[in-house]
Amino acid sequence: MSKTTEQVRKSLKTRYRSEKRFRAFGISAVAFGLLAVVVLFTDIISKGSSAFVETYIQLDIYWDPAELGIDDPSDAEQVNYADYDALIKAALRERFPEVEDRQERRALYQLASSGAGFLLRDQLEDNPDLLGTIQTLWILADDDVDMFVKADVEDRQNTRLPEVARPWVEALERDGHTDIKWNASFFAKGDSREPEQAGVWAAVTGSFFTMLVTLALAFPIGVAAAVYLEEFAPKNRYTDFIEVNINNLAAVPSIIFGLLGLAIFINLFGLPRSVPLVGGLVLTLMTLPTIIISARAAIKSVPPSIREAALGMGASRMQMVMHHVLPLAMPGMLTGAIIGMAQALGETAPLLMIGMVAFIVDIPGGPLDASTVLPVQIYLWADSPEASFVALTSAAIMVLLAFLISMNTLAVLLRKRLERRW
Amino acid sequence: MQAGNLVLLLIALGAVFYFFGWRRSYALSAPLGGVRHLHSLPGYYASLAAIWCVLPALALLAFWLMMDDAVIRTNLMASLPSSIQPQSEVDYNLLLNQIRNVAGGALNPAFVPAEVAAAAEQLNAMQAKNQLMLNIAFISIAVLGGVWGWSRVRPRLRARQQVESVMKWLLMASATVAILTTLGIVLSVLFESIRFFQKVSPVEFLFGLQWSPQIALRPDQVGATGAFGAVPLFAGTLLISFIAMCVAVPVGLMSAIYLAEYAHRNVRAWAKPILEILAGVPTVVYGFFAALTVAPAIRGFGESMGLTVASESALAAGLVMGIMIIPFISSLADDVITAVPRAMRDGSLALGATHSETIKRVVIPAALPGIMGGILLAVSRAIGETMIVVMAAGLAANLTANPLEAVTTITVQIVTLLVGDQEFDSAKTLAAFALGLMLFVVTLALNIVALHIVRKYREQYE
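These protein sequence lines map, in sequence, to chains A and B.
Terminal number for the first sequence in the numbering used here: 422, no gaps in between.
Terminal number for the second sequence in the numbering used here: 462, no gaps in between.
To be clear, the hints were calculated from the coordinates, so they are not data collected in a lab.
Treat the hints with care, since some could be wrong.
[Said to hold, decoys possible] As a list, the in silico DMTMM-like pairs of lysine to aspartate or glutamate whose alpha-carbon atoms are at most 25 Å apart: (1) A/Lys-13 / B/Glu-204; (2) A/Lys-300 / B/Asp-335; (3) B/Lys-456 / A/Glu-243; (4) A/Lys-13 / B/Glu-164; (5) A/Lys-20 / B/Asp-91; (6) B/Lys-168 / A/Glu-19; (7) B/Lys-428 / B/Glu-204; (8) B/Lys-168 / A/Glu-308; (9) A/Lys-416 / B/Glu-204; (10) A/Lys-20 / B/Asp-346; (11) A/Lys-20 / B/Glu-261; (12) B/Lys-272 / A/Glu-419; (13) B/Lys-456 / A/Glu-419; (14) B/Lys-360 / A/Glu-19; (15) A/Lys-235 / B/Glu-357; (16) A/Lys-150 / A/Asp-383; (17) B/Lys-428 / A/Glu-19; (18) B/Lys-272 / A/Glu-163; (19) A/Lys-10 / B/Glu-164; (20) B/Lys-456 / A/Asp-240.
[Stated by the list, open to error] One-sided excerpt, in silico: chain B residues whose CB lies under 8 Å from chain A: (21) Gly-34; (22) Ser-174; (23) Leu-418.
Cβ coordinates follow ideal geometry from the N, Cα and C atoms, glycine included.
Use the sequences and the hints to build the structure in full.
Shown next as C-alpha cells:
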C-alpha cells in the first residue's frame, strides 16, 4: 500500500462525514421551505375558517306598529324610515326582564348586530302582513357575541364581550337560542365597520373589473410586442433598447409603478382616483414584461420549418405570422398571460399609491366606480383593531388564494393539454 | 363614459365599412372574371376601408380628450369678471374647484357668489358644447375616412401591402410601450424629485441622520420640524434585506443543490412545485403572516429569554421576506446548476471526489456567476418589497443595527407619505418621489449588473 493510499484511507472517514453533513443541510433546507408552506397555510386556515360562519340569536319579535310608528304598511316611506332597532331592543328587554340598570340595558342592546334592523326592514318590505304579529326570528349577533360563542370554554375569559353580558349569552346558549349559521353576507356584501356585516363581494367585483382592464390591455399589447420583437424587428440599436427596457421593467419594484400611476394617470391625465380603470392601467404596465417574455418564448418554440413552409407556399410574412405562428404559439401565450394575471391579482402596493385604499361599502358597477380590490381589502382589514377582523382577513386571504390557485391550475392544465412538443 | 360609447360606435362603423369594402371588391371583380383578378384578397380591401374609418377617428379622439380640459379651463377662467379673477395659483385652483363642484351639483349654487354660479353655468354650457362638437367631428371623420377608404378599392390597389404595413406599425407601437413605461417612470419620479431637491438639499437628504417628514402647521408647533435625512431609512432597508438574505440564500441555495443533485426524481417532482407555491403567495398575505403570527411569536420567544423585542421588529419582517425569496433564489440557482455540463461532474467523480466535494469544488465554482446574479436580483427584490414591511415593520425612523428593534424602510415611507391626502407643493409629499427615485436607481443598477453577469455566464456553456 502506497503512502498516498494510506493518507486517503485515513481521511475517508472525515470526508464521508462531511458528505453526510452536506446532505443533511440540503434535506433540512428543503424541509424548512416545505415547513414554511405548511405553517403559512395552516395558520391562515385555522385563523380564517371561523369567519365563514356567524352567530345568530333567537328572539321573539313583536312587529309593534306603535313602536315602529307605522300606521299604513303600504306607505313605502314609513316602512323605510321606521325604527326597527326598537323592535329588537324590546324583544331583548322581554327576554331578559331582570336587566333594569341603564348601563346594563345598553350592554344588553349590544348583543344584536347594529345592522340587524335593516334585515327586519327588508322582511317587512317583502311581507307587510307581518305588522302586528309576533314572530320567532334569528337575529344576527354582534361580533363580540360571535367571538364569545365560537371561543373554547377556557378562552372565553379573554374575549371582548363585557363581563356583564356573559351570563345572558350563556343563558341564550342553554336554551338553544344561539345558532352558528353559514355567513352568506360575507360573499354578498361590501366593507363595513362592523365585522359581522363586512363582506368581500365589493372587493371581488373591484378586482374583477381591474383584471378585466388589465387583461384587455396587457394581452393584446404584450402579444403584439412579442410578435414584433420575434418576427419583424430588425437587429438594430432601437430593438436592443426595447429588449433592455423590457428586461429591466420586469425587475422594477411594483411600488414604482404606483408612483408612475399617481404622477402620470392621476396628476397629469386627471383620471379619477381609486377606480379600477386606473388600477388596471397601472397593473397593465406592471404585467406587460411578464406577458411579453412568456409570449416570446412561446413564439420561439414554434419550429422554423412551419415558417419556411408558409413562406414557400407564397404567404407574406404577416400571413405567416397570423395564420400559422400565432395559433401555434397561443397556448403558451395564454399560459403566460394567466400567470401574469395571477401576479397582478395579488398585487397591492401600486394600488395603494393610486388611492384604492378608500373605505368603500358599495359594490362597484363598472370600471369607473370607486372601488377596492381583494388584496387591498386584506391590507385594510389586517390593520383594523377589532379582533374579529383577524378571522375576516384570513377568510379574505383564503378567497384570494382560492382564485390564485385555480388560475395557476388552469395555466398548468392548459400547458399540459394544448402545448405541443415539436 | 361618453368616450367609451364613441369607441363602441366606432367599432360598429368599422364593421359597416368592412362589409361595404368587401361588397365593393366583389362587385369590381365580377366584370373581370372573379376574385382572382384582384391584386389582393377581398378581406384586405375590406380591412383597408375599416382602417381608414377607425384609425383617424381614434387619433382625433385621443388628441381631443387630451386638449379639451385645458382649453375649456383657459377659456372659462379668461371669461371670468375681473372682480373674482384669482390672484395666485392657489386661489386659481380653489376657485376652479368651487366652480366645478357647483357645476357638478355637489355644491348648492345658493352658497357661492353669483359670479361663481354664473361661471358654473357657463362651464356646463361649454362642456355640453364641447361634447357636441366632439361627437360631430368624431363621427364625420370616421364616416369620411371610411368612405375614402371604400372609394379607393380598385382591382389594382395593393391593399395587402398597405394593410400589412399598418399592422406592422401597430406591432411596433406596442413594443414601444415598454420604452414609454420606462420613460414615464423616470420622468414622473425625476420631476417631483427635482422639485423636492429645490426645497431640501440633496446633501441633507442623502447624508442626514434625522427623518421626520411632518411639516409644522404652525411655526411654534412642538416636534414637527420636518427633517429629511434619509440615512435611517437606507439603514433600515439594508437591515431588513440583510436578514432576508441570511434566510433566503442558504435555504434557497441548499434546497436547489439538494433537489438538483441528490433528490430522487419523484421527490423533486413534488417538492419543487410545493416550494414554488411560496413564490405565488401574494405579498400582502406574507405581511399579514409576519404581523400577526411571526412578530408575536418572536416577541414572546425573546421575552422568555429576557430580551426586549419591539412588536414590529426588523427580525419578523426580514424573516418572512426571506421565506418569500427562497423560491426565487432556488429556481434561479437550479437553472444555473443544471446548466453545468455533465462532463465536469463526471470528471471530478472519476478522480475520486465525493458527491459533496464535487458540488463544492466543481459545480458551485462553475455556477458561481449565475448564482451571484440571482442573489443580486433577489437583493433588488428585497429592497423594493413593500407590503411585508408596510404591515410588519415600524414607522419610526430608528438608526440601529439591532434586529429586535423596529426600523422603517424606503418603501414604508413612500406608502405612508402618499396614502391619504397629498399636497403636491409640500416637501412631505415630494419626499416620497425622491425616495422612489433612490429606489428606482438602486434597483436598476442591481438589475443591470445582475442581468449582465447572468448573460455573460450563460454564453460560456452554450
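Do the hints match the structure? See the list:
Of the pairs offered as hints, the one joining A/Lys-13 and B/Glu-204 is violated, with about 60 Å between alpha carbons and a cut-off of 25 Å exceeded. Among the hinted pairs, A/Lys-300 with B/Asp-335 is consistent with the structure: their alpha-carbon atoms are about 19 Å apart, no more than 25 Å. Our distance criterion of 25 Å between C-alpha atoms is met by B/Lys-456 and A/Glu-243, whose separation comes to about 16 Å. For the hint linking A/Lys-13 to B/Glu-164, the alpha-carbon distance of about 72 Å lies beyond 25 Å, and the restraint is violated.
Straight-line distance between C-alpha atoms of A/Lys-20 and B/Asp-91 comes to about 76 Å, which puts the hinted pair past the 25 Å bound. About 58 Å separates the Cα atoms of B/Lys-168 and A/Glu-19, which puts this hinted pair outside 25 Å; it is violated. This hinted pair checks out: B/Lys-428 and B/Glu-204 have alpha carbons roughly 14 Å apart, not beyond 25 Å. For the proposed pair B/Lys-168 and A/Glu-308, the alpha carbon gap of about 20 Å is at most 25 Å, so the pair holds.
The suggested pairing of A/Lys-416 with B/Glu-204 is violated, with an alpha-carbon distance near 57 Å, which exceeds 25 Å. Between A/Lys-20 and B/Asp-346 the CA atoms are separated by roughly 20 Å; this keeps the pair inside 25 Å, and the hint holds. This hinted pair checks out: A/Lys-20 and B/Glu-261 have alpha carbons roughly 14 Å apart, not beyond 25 Å. Restraint check for B/Lys-272 and A/Glu-419: the C-alpha separation of about 21 Å stays at or below 25 Å, so the hint holds.
Simply put, B/Lys-456 and A/Glu-419 have alpha-carbon atoms about 31 Å apart, too far for the 25 Å limit, and the pair is violated. With a C-alpha separation of about 10 Å, the suggested pairing of B/Lys-360 with A/Glu-19 holds against the 25 Å cut-off. For the proposed pair A/Lys-235 and B/Glu-357, the alpha carbon gap of about 44 Å is over 25 Å, so the pair is violated. The straight-line distance between the Cα atoms of A/Lys-150 and A/Asp-383 is roughly 22 Å, inside the 25 Å bound, and the hint therefore holds.
At most 25 Å may separate the alpha-carbon atoms for a hinted pair to count; B/Lys-428 and A/Glu-19 exceed this at roughly 56 Å. Under the criterion of a C-alpha separation no larger than 25 Å, the hint pairing B/Lys-272 with A/Glu-163 is inconsistent with the structure, at around 51 Å. A distance of roughly 75 Å separates the Cα atoms of A/Lys-10 and B/Glu-164; the hinted pair therefore is violated under the 25 Å criterion. Among the hinted pairs, B/Lys-456 with A/Asp-240 is consistent with the structure: their alpha-carbon atoms are about 16 Å apart, no more than 25 Å.
Restraint check, B/Gly-34 versus chain A: the minimum CB separation of about 18 Å is more than 8 Å; hint violated. Interface restraint check for B/Ser-174: the shortest CB-CB distance to chain A comes to about 4 Å, inside 8 Å, so the restraint holds. Because the beta carbon of B/Leu-418 sits about 6 Å from the nearest beta carbon in chain A, less than 8 Å, this interface hint is met.
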